[in-house]
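J.: Given chain S's structure and the hints, the job is docking chain F onto it.
Protein chains in written order, with our numbering: chain S, 1 to 111; chain F, 1 to 114.
In short, the hints are calculated from the structure, not lab data.
For clarity, every value in this text was computed on a predicted model and none was experimentally measured.
Beta carbons: idealized from backbone N, C-alpha and C, even for Gly.
With the C-beta cut set under 8 angstroms, the calculated list includes, among others, these residues of chain F facing chain S:
1) Ser45
2) Val48
3) Phe88
4) Arg101
5) Glu106
6) Gly107
Derived pair list, reagent style BS3-like, types lysine-lysine, alpha-carbon separation capped at 25 angstroms:
7) Lys44(S) to Lys14(S)
8) Lys99(S) to Lys56(F)
9) Lys41(F) to Lys44(S)
10) Lys99(S) to Lys41(F)
11) Lys3(F) to Lys56(F)
12) Lys41(F) to Lys9(S)
13) Lys99(S) to Lys57(S)
14) Lys44(S) to Lys3(F)
Incomplete in silico selection of chain S near chain F, CB under 7 angstroms:
15) Met41
16) Leu43
17) Leu45
18) Lys99
19) Phe102
20) Ser104
21) Gly105
Listed here are the chains, written in short residue letters.
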Amino acid sequence: NAGVTQTPKFRILKIGQSMTLQCTQDMNHNYMYWYRQDPGMGLKLIYYSVGAGITDKGEVPNGYNVSRSTTEDFPLRLELAAPSQTSVYFCASSWRGEKLFFGSGTQLSVL
Amino acid sequence: ELKVEQNPLFLSMQEGKNYTIYCNYSTTSDRLYWYRQDPGKSLESLFVLLSNGAVKQGGRLMASLDTKARLSTLHITAAVHDLSATYFCAVPRAQETSGSRLTFGEGTQLTVNP
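So here's chain S without its partners, still in its complex pose (with noise of 0.2 angstroms):
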């Protein structure tokens, strides 16, 4: 099993330039997350989706937007980048909300 694959691991954007971050997961799992990491700090939840076509807003959805086609995938769409999000993004599943997976990250620089 691969786990929580992400791509790209790095990228670097203009501002106004859009991206989509992708994320897989080979485990069945029916809950997938993205969260954001600023230096120094701890993550917060910018989407989740607890199955196939349910999505939800996190704490900071601004600027993003997901979708949840099937239970293996869960790409963040980042529209009109903007130096604030820059930021390392994770994506992370879990069976029904327990123990988290975390994919290995995407360092986001805008400038």
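T.: Relative to chain S, chain F alone:
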């Protein structure tokens, strides 16, 4: 609003010493999670504490939960350099299924010196 506070935020200790990291949270929860993050890496689950009085041990680490005091501790025994990492506690929002939305503490950056 649920707040999760850890202290200390930075901890430098010598090998062989003992120390405790504290995690306080502001609203009722009957479970708490501890994660470890190595520099530049992802988070790894350490312990899942599921009830009041729960105690979990793994290697030189032991975690406990007091839901009445809204407090969890992560105790380090005879620290070794390999324990150097950032440790996070996380608490689910009240009235929600376990882990559906976790609030993380700021993390405790632990450095173990020879």
